[in-house]
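Knowing the structure of chain A, use the given hints to seat chain B on it.
Protein chains: 2
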Amino acid sequence: MDKTALFKLSSGLYIVSATDGEHTGACVINTALQVTSEPLQLAVTVNKKNYTCGVIKEAGHFTLTVLSQKADMPLIGRFGFKSSRDFNKFDGIETETSSMFDPYTLEGACALIVCATVQTVDVGTHLMFIGEMTDAEVLSDDKPLTYEYYHSVLKGKTPPKASSYIAGADPTKVTKVADKANMHHFRCTVCGYVYETPATVLPKDFKCPICGFGPDKFEQID
Amino acid sequence: MDKTALFKLSSGLYIVSATDGEHTGACVINTALQVTSEPLQLAVTVNKKNYTCGVIKEAGHFTLTVLSQKADMPLIGRFGFKSSRDFNKFDGIETETSSMFDPYTLEGACALIVCATVQTVDVGTHLMFIGEMTDAEVLSDDKPLTYEYYHSVLKGKTPPKASSYIAGADPTKVTKVADKANMHHFRCTVCGYVYETPATVLPKDFKCPICGFGPDKFEQID
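Residue numbers (this note's numbering), protein chains in the order written: chain A, 4 to 225; chain B, 4 to 225.
Pulled out of the complex, with its shape left as it was, chain A reads as follows (with noise of 0.2 Å):
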């Protein structure tokens, strides 16, 4: 069994928030689709350890942010590679509230589709929210971002929480350009982040600009 086949299916790249009034969450996602056209149904799967997943199923409803190529790794980091738990993941960046009052931000996004749930299904780590489509918007003319660029140009990393991680198996790769051949790069295991630097070490006090581990949580790539 070749699990790298699983590489092949595509997805798109999405924040997905809730609030129940008291709690906020948002997380990314690779896991929306749209699975009917009458009534316009979506479903969402989210990691029952994920701090969003207990808001949107008090909350009822969700608000899917379809992000964009330009969508930069701070806010992909921000959003998925921390917890709602420690903080508010809007605290600080521009956001807007959607028509079912789940906020969400405009930074790096091209769509905002609304949905109030009508089932939620257990598919054992994960639940997944089936949800009625209650209002749309197109946000941007800004290609979306689908999880295969995210991976060759954003050079993204898999969390383990994600519905797509495989252990052992990563789907980044960084590729070696001829006139950078004296650099060398450094990948940051917890997020991605990929740091280029003439030196082979990092120094002691350097802290990945994403997600803010230090030196011992990156790697040599070359």
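Take the hints with a grain of salt, since some may be wrong.
[Claimed, not checked] Dumping the calculated DSBU-like pairs for lysine-lysine here, alpha-carbon to alpha-carbon at most 30 Å:
(1) B/Lys60 / A/Lys6
(2) B/Lys52 / A/Lys146
(3) B/Lys73 / A/Lys6
(4) A/Lys85 / A/Lys164
It is worth saying that the hints were derived from the structure and are not from the lab.
On a predicted model such as this, the values are computed, not experimentally measured, just so you know.
Same frame as chain A, now just chain B:
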């Protein structure tokens, strides 16, 4: 509510096939998704009106063929715009058998994923089959065919039974090329095939090379 926001969701294009020993079904879907990694589970969503839906339900397993950019319109037309009720779609093409005995073709394929159904979810017009992956194989290095590529490069159409069909909103657009200014284009309203000709009418005995319908099913684009 702007339904075209749904065109910003990314997905691939697949053939899902199954046999229950007596009946064989296969159809094109764009609704395949990895939902968990422990265990490896996938979800596929199929219209209840599709013959293949009943076969998967009966069989208790399904085989997913990930289409590559080498998949051509005749292949997609055969599996996506005709019914397994009327003929065996594998007749006359090179067919392999998966470890669950489901037929599949290597033509235009880049990966194979075989699943045993563990849960069936009724989502209205469609059934969602959640399956545990029992086998997987990479078939070629060709790039997966995304739904976006199907629409923008292959000029493919979305059939009314598809999850992502939106009446009146057509993601298919034909880009006019300057040196083809004197050519006219006719699009098959059944399968989306575009025929280029200097003539302003189609011959009466013209037949769509993909789905076989005549000139009355064609609309002139320009």
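Legend entry - Violations among the numbered hints: 2
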